[in-house]
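Listed here are the chains, written in short residue letters.
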Amino acid sequence: GNSVTQMEGPVTLSEEAFLTINCTYTATGYPSLFWYVQYPGEGLQLLLKATKADDKGSNKGFEATYRKETTSFHLEKGSVQVSDSAVYFCALSDQGSGGSNYKLTFGKGTLLTVNP
Amino acid sequence: GAVVSQHPSRVICKSGTSVKIECRSLDFQATTMFWYRQFPKQSLMLMATSNEGSKATYEQGVEKDKFLINHASLTLSTLTVTSAHPEDSSFYICSAGRTEAFFGQGTRLTVV
Chain A
25 GNSVTQMEGP VTLSEEAFLT INCTYTATGY PSLFWYVQYP GEGLQLLLKA
75 TKADDKGSNK GFEATYRKET TSFHLEKGSV QVSDSAVYFC ALSDQGSGGS
125 NYKLTFGKGT LLTVNP
Chain B
0 GAVVSQHPSR VICKSGTSVK IECRSLDFQA TTMFWYRQFP KQSLMLMATS
50 NEGSKATYEQ GVEKDKFLIN HASLTLSTLT VTSAHPEDSS FYICSAGRTE
100 AFFGQGTRLT VV
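Chains A and B, in that order, give the protein sequences.
Numbers 25 to 140, taken from the numbering used here, label the letters of the first sequence in order.
Numbers 0 to 111, taken from the numbering used here, label the letters of the second sequence in order.
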């Protein structure tokens with residue numbers, strides 16, 4: 025079955041530091057890959073996504089590239105801010121789930137804390 | 000963007016009672032909604048797929064008689080935890096969407 029393995033946290037960084045959160049996956053077929061963010065007290069929000077190999081998703085300074093050869097989708101940001109403190113989830117969608125209704129397989133989540 | 004609203008955000012109940020959690024799509028119709036459960040320091044695990052007008056599809060290992068799902072309209076799915084026990088204490092979250100998955104705020108259930 026499908027699975028997602030992401031770097032365990034917590035991760036604590038100083039403001040303006042470089043961020044990498046590793047994510048690797050196992051899936052049959054050609055899944056779409058996602059990063060979701062959960063700010064304190066809120067629901068999950070889509071941060072970025074990539075739907076095919078070599079696609080790069082980007083949003084709010086975050087980037088991740090779909091690497092089929094290494095089955096990875098690592099999240100990066102060049103300069104983090106205090107407001108980036110949240111839990112980050114890597115996820116994949118099962119392409120066989122019926123198309124437009126996204127059923128997701130999640131990683132465990134990584135808590136990021138950015139200190140001023 | 001599309002909004003999914005989940006209620007309540009927190010609930011504490013006594014062991015043996017039942018708790019209902021609502022998930023609403025506020026600005027779109029959702030024929031399918033998904034219910035997830037998250038244990039501390041664990042992944043969000045898919046519990047079931049809620050299908051409007053028909054029975055829910057449960058993942059392996061999820062007790063359908065304990066976690067009752069009703070999807071009576073195109074904008075509302077409910078999850079009822081029946082005869083709750085302390086081991087049912089968890090974070091429950093729903094999602095729905097057509098072009099992407101939109102998530103509710105989640106419900107923190109504590110059974111005492």
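FYI, nobody ran anything at the bench for these hints, they're computed from the structure.
Take these hints with a grain of salt, some might be off.
[Claimed, not checked] Straight-line C-alpha distance at most 16 Å; calculated EDC-like pairs for lysine to aspartate or glutamate: (1) A:92 / A:66; (2) A:92 / A:78; (3) B:40 / A:93; (4) A:80 / A:93; (5) A:92 / A:108; (6) A:127 / B:58; (7) A:76 / A:118; (8) A:127 / B:99; (9) B:19 / B:64.
Exercise for the section: Could you tell me which of the hints above the structure violates, numbers in ascending order? Expected result: 1, 3, 5
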